[in-house]
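Whole structure, please, built from the sequences with the hints as guidance.
Counted from 1, the sequence shown has number 273 at position 273 by this note's numbering; the numbering is strictly sequential.
Errors might be hidden in some of the hints.
Distance condition first, Cα-Cα at most 20 Å in a straight line; then the derived SDA-like pairs of lysine to any residue [said to hold, decoys possible]:
1) Lys261 to Thr528
2) Lys360 to Lys261
3) Lys261 to Glu523
4) Lys406 to Lys51
5) Lys519 to Pro545
6) Lys51 to Ala63
7) Lys176 to Gly35
8) Lys51 to Pro145
9) Lys114 to Pro409
10) Lys421 to Leu86
11) Lys261 to Tyr424
12) Lys176 to Pro386
13) Lys368 to Pro29
14) Lys493 to Leu452
15) Lys358 to Ala63
16) Lys28 to Glu523
17) Lys114 to Lys360
18) Lys358 to Ala200
19) Lys321 to Val300
20) Lys28 to Asp524
Label pairs and their calculated CB-CB ranges [as the list claims (entries may be wrong)]:
21) Arg315 to Lys406: 40 to 50 Å
22) Glu177 to Leu364: 40 to 50 Å
23) Lys368 to Thr427: 18 to 28 Å
24) Pro545 to Thr427: 42 to 52 Å
25) Ala366 to Ala512: 51 to 61 Å
Simulated from the structure, these hints should not be mistaken for laboratory data.
All of these numbers come straight from a predicted model, not from anything done at the bench.
Cβ atoms here follow ideal geometry from the backbone N, Cα and C, with glycine treated the same way.
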Amino acid sequence: MGSNDSRIEYRIASLVHSHFNALPQRCKPTIRPNGTPEWIPLSGIVLVTSKTPANIFKGEDTAEESLTCVALATGAKCLSSSQIHLCQGLVLHDSHAEILALRAFNRWLLEECKSMLTHSQELSSRDKEGIGCQLRNDGNGQISPFLEWRVSRLESTSAIPGNHAKELLWPPFKLKENIRIWMYCTCAPCGDASMELCMAAQDDPTPWDVRALDDAATEIESDLTKGLLDGRAHFSVLGAVRRKPSRADAEPTLSKSCSDKLAAKQITSLLSFPASLLIAPSPNAYLANLILPEDEISQVACERSFGNGQTGRLRELNGRKWQDFGASARLDSYYAFFPFTVRSLPMEQLSALWHFSKSKDAGLPASKSSNKSAVWTAASSFGAKPAYTSFRQKQSTGRASKSIPKTFPTNIIETILNGVKQGYRITSPDARKASALSRAKMCELLCDIVKLLPEVSVGYYQSKDGCPVNENEASRKRLDDRSEMGERFAHLKECVVSSPTYFLMKRNAEGARLLHLRKQALEDVRQTLGNWIENRGDEQWTLGPAKDKNV
1 MGSNDSRIEY RIASLVHSHF NALPQRCKPT IRPNGTPEWI PLSGIVLVTS KTPANIFKGE
61 DTAEESLTCV ALATGAKCLS SSQIHLCQGL VLHDSHAEIL ALRAFNRWLL EECKSMLTHS
121 QELSSRDKEG IGCQLRNDGN GQISPFLEWR VSRLESTSAI PGNHAKELLW PPFKLKENIR
181 IWMYCTCAPC GDASMELCMA AQDDPTPWDV RALDDAATEI ESDLTKGLLD GRAHFSVLGA
241 VRRKPSRADA EPTLSKSCSD KLAAKQITSL LSFPASLLIA PSPNAYLANL ILPEDEISQV
301 ACERSFGNGQ TGRLRELNGR KWQDFGASAR LDSYYAFFPF TVRSLPMEQL SALWHFSKSK
361 DAGLPASKSS NKSAVWTAAS SFGAKPAYTS FRQKQSTGRA SKSIPKTFPT NIIETILNGV
421 KQGYRITSPD ARKASALSRA KMCELLCDIV KLLPEVSVGY YQSKDGCPVN ENEASRKRLD
481 DRSEMGERFA HLKECVVSSP TYFLMKRNAE GARLLHLRKQ ALEDVRQTLG NWIENRGDEQ
541 WTLGPAKDKN V
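Next up, the structure:
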């Protein structure tokens, strides 16, 4: 492999594979009793951190960069549309590796938010002055290398020169500016980005006549999907939203392909609904780069599916921004079209790293996709053992993985089967079946975090030397007058804590202008893509601890 070992693509892939290799055997594909080997796709999220925000855009493979794998997943299955009404927020609809990895990343982000709040409260409880939650982003109070508070600095009217207060903004968190998000996958995303690969794999590789979606709509439309294409049918119709691929005799699904979901994330960021209530959609909350094996890349397909060029299916959204105006307008919080770059990993490196690829050699036994998925997330930053970080200068001149340990600080390890934890069934009345990535568990964590948030008027005054000082009531009242932010925090707590159902929580959040920009951006991207059919039926379930749910 030689010098390719030092490239950032290999370093990231090697880091993800090392984390997968450390998982228990129950999380991995196996050889079936009849001798058939199993294959499975793997996806991971790695945060690339530079010492300063400016350096993150100057280049890669620099000595100052550090890599942290925070989430990974395997999987190749999804639920049929007829099963969605059984989920009640406890069952994962889509267990493809890419989607599970994104959900795991959002789970890790929420845990990181909770970690920061918990630690801030611990600092506050030790503060003799009793001034409240310490909203510090400096070395004394900042405990996350990845997230920070969104605060505005307000000059104090105190007689003590140089005193200032910090007001918490909404959303209260953001990713640090020196971070970029990379994703690594062992397979091309299903759907539009892999259509040319599917064509090339046919017995007759003769190019197909390519038709636009509108020209073929009457032929492919059905009563169920109303234009949502099968994952492995109508290969000549390019640029279309597709269902997850499945066997011809399988019950249909309305889960959109990974290509379509990743394309939409270029507009709405990688932040899911719960995370968007807490973390600002800053430019570095979007996926920066996607690493794929070189044989899994069709440049034409990727440019069409994800690009902003002349063939890109989202090109009409170039230059669009979805942002607040007036007092709420912030340079670090808006939605826009941020296309990611597709990067390649040489096949010889993939072969050395990954032994669970789908067999393409006619001389080898045919492999079958594994029915189970694995999910892993890193430990939060505030803990006995925070997430493992790989530093370039610590790596040897040989294989980059030599300096990577065999075990890693972990928060979640799960094995998923049919959308629930292994050992349970979809129809089981036991709510313990729910994955930590399920809607119910994510909303439960969101509620815990929102209850920990300080009142918006809670700030702290500090002198030039950083020591907190008291301030008179009149000045504190001026902090409370930031009515717009105060209203949003009040609405946030009301929506999350008081809404009786998941459906109403989302609707109330949009109505309270907490997620109105995200909703508009999502509607616009779906309209641009054309034939997006929503996967409805799992919204009207009661919020509250998962253990209290009756299925």
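Verification of the hints:
1. At roughly 13 Å between alpha-carbon atoms, lysine 261 and threonine 528 fall within 20 Å of each other, so this suggested pair holds.
2. Between lysine 360 and lysine 261 the CA atoms are separated by roughly 27 Å; this puts the pair beyond 20 Å, and the hint is violated.
3. Restraint check: the Cα-Cα separation between lysine 261 and glutamate 523 comes to about 13 Å, which is no more than 20 Å; the hinted pair holds.
4. In summary, the hint linking lysine 406 to lysine 51 is not supported, as the alpha carbons are separated by about 27 Å, beyond the 20 Å threshold.
5. Taking the CA atoms of lysine 519 and proline 545, the gap is about 26 Å. The hint is violated against a cut of 20 Å.
6. Between lysine 51 and alanine 63, the direct Cα distance comes to roughly 10 Å. Compliance with the 20 Å bound is thereby established for this hinted pair.
7. About 49 Å separates the Cα atoms of lysine 176 and glycine 35, which puts this hinted pair outside 20 Å; it is violated.
8. A distance of roughly 11 Å separates the Cα atoms of lysine 51 and proline 145; the hinted pair therefore holds under the 20 Å criterion.
9. Straight-line distance between C-alpha atoms of lysine 114 and proline 409 comes to about 17 Å, which keeps the hinted pair within the 20 Å bound.
10. Using a Cα cut-off of 20 Å, the hinted pair lysine 421 and leucine 86 holds, with the two alpha carbons roughly 15 Å apart.
11. A threshold of 20 Å between alpha carbons decides the hint, and for lysine 261 with tyrosine 424 the separation of about 28 Å lies outside it, so the pair is violated.
12. Between lysine 176 and proline 386 the alpha-carbon distance is near 17 Å, which keeps this suggested pair within the 20 Å criterion.
13. For the proposed pair lysine 368 and proline 29, the alpha carbon gap of about 10 Å is at most 20 Å, so the pair holds.
14. The suggested pairing of lysine 493 with leucine 452 holds, with an alpha-carbon distance near 10 Å, which does not exceed 20 Å.
15. The straight-line distance between the Cα atoms of lysine 358 and alanine 63 is roughly 35 Å, outside the 20 Å bound, and the hint therefore fails.
16. The hinted pair formed by lysine 28 and glutamate 523 fails the criterion: a straight-line CA distance of about 38 Å is larger than 20 Å.
17. Among the hinted pairs, lysine 114 with lysine 360 is inconsistent with the structure: their alpha-carbon atoms are about 45 Å apart, more than 20 Å.
18. For a cut-off of 20 Å, the pair hint linking lysine 358 to alanine 200 stands: about 16 Å separates their Cα positions.
19. Of the supplied pair hints, the one linking lysine 321 and valine 300 is violated, its CA atoms being roughly 27 Å apart against a limit of 20 Å.
20. With a C-alpha separation of about 39 Å, the suggested pairing of lysine 28 with aspartate 524 is violated against the 20 Å cut-off.
21. Against the hinted window of 40 to 50 Å, the Cβ-Cβ separation of arginine 315 and lysine 406 comes to about 46 Å, which satisfies the hint.
22. Checking the proposed 40 to 50 Å range against glutamate 177 and leucine 364 shows it holds: the Cβ atoms sit about 47 Å from each other.
23. Range check, lysine 368 to threonine 427: about 25 Å between beta-carbon atoms, so the 18 to 28 Å window is met.
24. For the pair proline 545 and threonine 427, the supplied restraint of 42 to 52 Å is violated, since their beta-carbon distance comes to about 21 Å.
25. Hint check: alanine 366 to alanine 512, Cβ distance near 54 Å, so the stated range 51 to 61 Å holds.
Figure legend: structure checked against the earlier numbered hints; hints not met, in rising order: 2, 4, 5, 7, 11, 15, 16, 17, 19, 20 and 24.
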